[in-house]
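Novice: These are the residues of each chain, in order.
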Amino acid sequence: MNIFKLVARNITRRKGRFIFTLLGITVGMASFVALLSLGGNMRGEMTKQAGSLGAQLIITPKNWCAYDQISILTGNSLPESLQQEVLDDVSAIEGITAVPYLTLGTSVNNQSVLLTGILPQEMKDFKGWEVEQGEWFSSQDERAVVLGSGIADPFELSVGDTVTIRGETLPVKAILQETGGNDDTSLYMPLSVAQELYEVEGFVSYLAAQVDDMSKMEEYEAAILGVANVAITSDKQLLSTVLSMLGSVNLTLQMIAMVSLIAAAFGIINTMMTAITERRREIGIMRAIGGNGNSIFKIFLIESGLYGLLGGIAGVALGLLASFFIAPMISESDFAAFLKGAEFEASFDPTLMGLSILFSIIISIGSGFYPAWRAAKLTPVEAITHE
Amino acid sequence: MSNAIIKTQGLEKTYSKSKVKTHALRGVDLEIPKGSFSCIVGPSGHGKSTLMQLLGGLDRPTKGTVFVGGTDISKLNDKQLSNLRGERIGFVFQFFNLLQNLTALENIQMAMMFQKASKEAQWERAFELLDLVGLADKAEAKPCELSGGQQQRVSIARSLANDPDILLMDEPTGNLDSKSEAEVLKHIFNIHKAGKTVSIVTHNNELAQRAELLFEIRDGKLKS
Ligand SMILES: Nc1ncnc2c1ncn2[C@@H]1O[C@H](COP(=O)(O)OP(=O)(O)O)[C@@H](O)[C@H]1O
Ligand SMILES: [Mg+2]
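Those protein sequences? They're chains A and B, same order as listed. Quick note: the first sequence uses my numbering, first residue 1, plus one each step. Quick note: the second sequence uses my numbering, first residue 1001, plus one each step.
Where hints are given, some of them may not hold.
To be verified - Pairs of lysine-lysine, DSSO-like flavour, derived with a Cα cap of 30 Å:
#1 K1119(B) <-> K298(A)
#2 K1179(B) <-> K1142(B)
#3 K377(A) <-> K1116(B)
#4 K15(A) <-> K124(A)
#5 K377(A) <-> K1179(B)
#6 K1179(B) <-> K298(A)
#7 K1017(B) <-> K377(A)
Said to hold, decoys possible - Coverage of chain A stretches by chain B, computed from C-beta distances (three or more under 8 Å per stretch; other residues unrestricted):
#8 8-22
#9 130-142
#10 376-384
Don't read these hints as lab results, they were simulated from the structure. Each residue gets a CB set at the ideal place from its N, CA and C atoms; glycine is no exception.
Using the sequences and the hints, build the whole thing.
Specialist: This is the structure in C-alpha cells:
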C-alpha cells in the first residue's frame, strides 16, 4: 500500500462524480487547448499572407476600417469604392509601381469563391506569377478566367472548362503555379471585364504599390496623398493591425476558456468537499492508526491533482482533435470572415501541450488546497465521532 | 506504580461545542500497568469513550495530563502524537473500523504505510496478521463482503500492524452476536497473553470479570 494506490482507490469510488468532475476539467482544458492552437495558427497564417502580398504600400479609400484592411490579408471580397483614376495618378509618381485589385465574390459549382479583377500584364509582372498550365490572358479585356493553383482541384476545373459568372460563360484559360498565399485561392479575370459584369465601371477595391527606394517611404506617402484623397497603409502596419485584432479576439476566446476552467476548478472543489464529508469517519480511522495531518493533506491534494493530470491529458487530446475538425469549418464559415483564407491547419506544439497539462495540474492542485486543508485540520476525534 | 504504561492525573474533559457544556470527565486519575488486561465499564454516556480517546491521544484533555510510557503527550505536536498512535497504540472501535474501498489486506497495510514500512514488509506482516485472526482466505475481500465479526477481527489484526505496546478497544464486540463475540474475544485474550497491554471499554460482564483491573466510570469520575 502506498499513498498513490490509496488515492487511486479513493478517486474512482463514486464513479459518476468522478466522471463528471473529470469531464469538467477535460472540457475546460480542451477549449483552452483548441483556442490556443487555433490562435497560434492564425498568427502564422496572417504573417505568411502579409509576406505574399508583395507590396509595401496599400492604398485604400479613406473610410475603410480595420476590418476591411484585414480582408486584404485574408482574401475576402471588398467594396469597390476607389475610383480608378487614382491608379493613374499614383502610377504617375516617380518610383512607384501600383496595381489595382477589384475583389468580388462569386460562386462556382455552388461554392463561394473569390473573384479578383486585375490588369493582366501589370499584375503578372508585379507578382511574378508563373503559369502552370494553359496560357496567360492575351489581352487586357479578354473574356476568360485564370485559376489560382488551389482552385482547380476542389472545383474540379481544368484548362478548357468553362465557368459561368453573372450569367456569362467564360473559358478557363490557365492555372497558375502555387504561390503559397491567398493568391492561390482566387479566380482572376481582366479588370475591365469584371467591372462590366458587376456593373462597377470605373471603380476598384484597393491598390497595392511597390516602391523603388524603401528609405524614401515617407516622401512617397506624401506624394500619393498630394495627388489623391486616399488612405495609405504599409504592409507592416497592416500586419500589426491584423495581429492586434487577432490578439483581442484571441483574448476573448481565451477568456471563454478561462471561464470554463474556473467552472472546472469549482467542480473539483465541490467534489473534494463532498468526498471529505463522506469520508470523514475514514479520515478519523487513518488518524487513529497513525496518519498525521500532513498525510491526510497529501492524500486529498494528490487526489485533486490527479483530476488535473487525467483531465489535462484528455483535454489536450480532445482539444487538438477539436481544433483539427473545427479549423476547416472556420475556414469555410462566415464566422469572423477574416479567418477565411488558405487552408487552415491547427498547430501541434509538444511543449505547449506539456505546459497545458502542467497548467491543468496546477489548477486542480490549487482547487484541492482548501478541501485538503479542511481535511487535515479535522482532529481525530472530530472525524471519528462523525456518523 | 513504576511500571504504569499509561497514567493520568486530574483528567478533565468538557465539550463545549453546543451552547450546553458537557462535563464528560471530571477528574480521573488512573494507572494502567504494562502488560495488564483492564476493562473500563459504566453506563452509557458517562465518559468511557472520552476517557479512551484521551488515553490514546486522539483528543486533548481540557485539564490534566496523560502520560504514555512516561511521556506527557500534551507536549507532543500533531506529527509526534500521530506517530505515537501509529507506533505504540492500536485502536479498535465499535463500528466502521475499516476503509470501505480497501481490501482486508490493504486496510492492514495502510497502518504500516503511515509508518513508512517497505512494500515487502507490509505484505508479509499483513498476511501474517490475517492468518493470526484466522482470515487468511479473506485477504482480498472488501469490508462489505465480511461479517461484522470478521470485520472486527481484521480491525484487531490492523491494530497490531506496527506491533504496538498498547491496545485500546472501545466496545469491540458491542455490535456482535455471541458466537462472533466469543471468536473475537479469543483473539483479544491471545494478544494479551502475547504480552500486550490491553484495555477494553465493555458492557460484557463476563469479560469484565476476567479483567485484572476494572475501572468503573460514573458521571465522568472513577468509582473506587
Ligand atoms: N464530541 C463530542 N461533543 C460533545 N459532546 C460529546 C462528544 N463526545 C461525547 N460527548 C458527550 O460526553 C458525554 C460522555 O460521552 P462518551 O464518552 O461517549 O460516553 P460513553 O462512551 O460512556 O457512552 C456524553 O454526554 C456525550 O453526549
Ligand atoms: Mg462510548
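Novice: Take a quick look at whether K1179(B) and K1142(B) sit within 30 Å of each other, Cα to Cα.
Specialist: holds (22 Å)
Novice: Please verify whether K1179(B) and K298(A) have alpha carbons no more than 30 Å apart.
Specialist: violated (41 Å)
Novice: K15(A) and K124(A): Cα distance at most 30 Å?
Specialist: violated (65 Å)
Novice: Okay, the segment 130-142 of chain A and chain B, do three or more residues pass the C-beta test at under 8 Å?
Specialist: That given contact is violated, which follows from only 0 residues of the segment 130-142 of chain A lying within Cβ reach (below 8 Å) of chain B.
Novice: Holds or violated: K1017(B) and K377(A), Cα atoms, limit 30 Å.
Specialist: With Cα atoms ~16 Å apart, K1017(B) and K377(A) stay inside 30 Å; holds.
Novice: With a cut-off of 30 Å on the C-alpha distance, tell me whether K1119(B) and K298(A) pass.
Specialist: holds (19 Å)
Novice: Is it true that the CA of K377(A) sits at most 30 Å from the CA of K1179(B)?
Specialist: violated (40 Å)
Novice: For the segment 376-384 of chain A, do three or more residues have a beta carbon lying closer than 8 Å to a beta carbon of chain B?
Specialist: n = 4 at 8 Å, threshold three: holds.
Novice: So is the segment 8-22 of chain A in contact with chain B by the C-beta rule, three or more residues under 8 Å, or is the coverage claim wrong?
Specialist: holds (count 3)
Novice: Are the Cα atoms of K377(A) and K1116(B) separated by 30 Å or less?
Specialist: Between K377(A) and K1116(B) the Cα gap is close to 22 Å, so the pair holds against 30 Å.
Of the hints listed earlier, those the structure fails to meet are numbers 4, 5, 6 and 9, in rising order.
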